[in-house]
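There are 2 protein chains.
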Amino acid sequence: MKDDALRLHGDRFWISPYVFSCVVALEEKGLAYEYVPVALDQRAQKSADYARRSVTGRVPCLEHGAFSLAESQAIVEYLDDAFADTARAMPTNIQHRARARQIMAWIRSDLMPIREERSTTTMFYERAKSPLSDKGVEHATKLCAVADAVISDPGQYLFGAFSVADADLSFMLHRLILNGEAVPARVKAWAEFVWKRPSVQKFVAVKRDPYVEY
Amino acid sequence: MKDDALRLHGDRFWISPYVFSCVVALEEKGLAYEYVPVALDQRAQKSADYARRSVTGRVPCLEHGAFSLAESQAIVEYLDDAFADTARAMPTNIQHRARARQIMAWIRSDLMPIREERSTTTMFYERAKSPLSDKGVEHATKLCAVADAVISDPGQYLFGAFSVADADLSFMLHRLILNGEAVPARVKAWAEFVWKRPSVQKFVAVKRDPYVEY
Chain L
0 MKDDALRLHG
10 DRFWISPYVF
20 SCVVALEEKG
30 LAYEYVPVAL
40 DQRAQKSADY
50 ARRSVTGRVP
60 CLEHGAFSLA
70 ESQAIVEYLD
80 DAFADTARAM
90 PTNIQHRARA
100 RQIMAWIRSD
110 LMPIREERST
120 TTMFYERAKS
130 PLSDKGVEHA
140 TKLCAVADAV
150 ISDPGQYLFG
160 AFSVADADLS
170 FMLHRLILNG
180 EAVPARVKAW
190 AEFVWKRPSV
200 QKFVAVKRDP
210 YVEY
Chain S
0 MKDDALRLHG
10 DRFWISPYVF
20 SCVVALEEKG
30 LAYEYVPVAL
40 DQRAQKSADY
50 ARRSVTGRVP
60 CLEHGAFSLA
70 ESQAIVEYLD
80 DAFADTARAM
90 PTNIQHRARA
100 RQIMAWIRSD
110 LMPIREERST
120 TTMFYERAKS
130 PLSDKGVEHA
140 TKLCAVADAV
150 ISDPGQYLFG
160 AFSVADADLS
170 FMLHRLILNG
180 EAVPARVKAW
190 AEFVWKRPSV
200 QKFVAVKRDP
210 YVEY
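Chains as they are written, first to last, in numbering that gives the first Met the number 0: chain L, 0 to 213; chain S, 0 to 213.
Calculated directly from the structure, the hints in this document are not laboratory data.
Please note that the accuracy of each hint is not assured.
Heads up, the list lumps identical chains together, so a pair's fine if it works in one copy or across two of them.
Heads up, simulated PhoX-like pairs for lysine-lysine below, C-alpha to C-alpha not over 25 Å straight-line [what the hints assert, rightly or not]:
(1) 134 with 28
(2) 28 with 201
(3) 45 with 134
(4) 45 with 141
Produce the entire structure from the sequences given, and follow the hints as far as they go.
In C-alpha cells, the structure reads:
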C-alpha cells in the first residue's frame, strides 16, 4: 500500500448511513480510494487488528497512510482538512458550516424510532411491513418539519453548493419516501433532487451482496 | 441584547453532558456569555419560540446575535470558527483534531448502557443504587480500553494542549469514577487530572437547583 493511500472500511451490504456519508465525501472530492468491505455479520469489526486500527472498533474507518480514523462525521471533516485543495464536503461559510454540522449531528443522535422502524435494510433490500408506531409518526413529523424549515428551495442545496449535510438529510428522508410514508411535497421534491447527485447514487445504486441478518 | 452577545441555553439542573462541553469551550475561550436555564422538566424546549430558534428543538442552543445553533459538537466547532483569535477548543493539528472529533462523536453515539445506568444525575445528585448490568460492565470495559489506548501520560492532555475532547472523555469516565466503579489506575489518574481544569470545574462545581424528576 502506498504511504498516502486511502482505504475506507465499510459494511459489505452497503447499508450503513455512516459509510454513505464518507463515500459521498470521497466521491465529491474525486479522491482515489479502496473500499474494504467489513463482514459485520461475522463480527469482523471485533478483531484485534480492526480495534487497534479504528481505536473505537466502529465502522466506517478511514485509513490514510499510517493514520486511521473512525466516526463518519470526523472522517468527512478530516477529508476537508487533509485535502484542502479538493471540493469541500462541508460549507465554507462559518454559519452555514455550523448549521450543516448541527443537521449531521442531529441525524446521528435523534430520530431513533425512524432509524429502527425504517432501518436501511428497508431502503435497499425489503420494504417495511408494519406501519409506523405512534413514536415513529411523531419523529417522522418532526423530521419533515425541520427539513421544511431548512430547505429554502426544493431545487437547491441547503447552503448554495452541495454539502454532505444535504446527502445526510436526504438519506434520512428516504427512509420514509422509499417506504411510501407521507412526506410533504416540497420536502419530498427536495430530497429527490438531492438523491440524483452522482456521489449519492454511487452508494445508493451499488450492486449489493444478498443480505444476511446479523 | 447586544448584536453580537452570546447566550447559552442550557438545562436548569446543570446535568447535560452536552451543555457541559459548551460551557467548557466558552470558559476556555474567555468569552462573556449569559447562561439561560431551560426548564426541561416543564418541557420549555418544546415552545414554538425555542423550536424556531434552535431549529431542532434541542438543548443546548447557542445564540450569537441573530444566529443560533444547537448540537454541542457543532457549537464547540462554531466557537473555534467564529472566535479564531481566542484559545482553541479543538486541537490545531489536523490528525489530532480528527481524533478529538472521533472521541467526541463516539461518546455521543455509543456507550448507551453507561449513559443510562450511570446517568448524570448519579454524578451530581444521587449515586446509583444498582450494580452495572452485564451490558453496562461490557461498555465500561470498552470505555476504559479506548481511554487507555488514547492516553499517553496520565498527567498530560491527549493532544498536548487541552481540548474539549479531554473534557468529554473525562466526563464519561466520571460516570464510573463518581459511582465507585472499577477504573484502571492509569485511566482514573488521567480523568482526575482533567477534572481539575478550571473550565471543567466551572460546570461541575456550580450551585445546582434541587433536582426534579422529568
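Give the relationship of residue 45 and residue 134 under a CA distance limit of 25 Å: within one copy only, between copies only, both, or neither.
between (33 Å within a copy, 16 Å between copies)
Indicate which option fits the pair residue 134, residue 28 if close means a Cα-Cα distance not exceeding 25 Å: within, between, both or neither.
neither (38 Å within a copy, 40 Å between copies)
As a check of your reading, is residue 28 near residue 201 (CA-CA no more than 25 Å) within one copy, between copies, both or neither?
The answer is within: 13 Å in one copy meets 25 Å, while 42 Å across copies does not.
Reference check for the pair residue 45 and residue 141, CA-CA at most 25 Å: within, between, both, or neither?
between (35 Å within a copy, 12 Å between copies)
Taken one by one, the earlier hints fail for this structure only at number 1.
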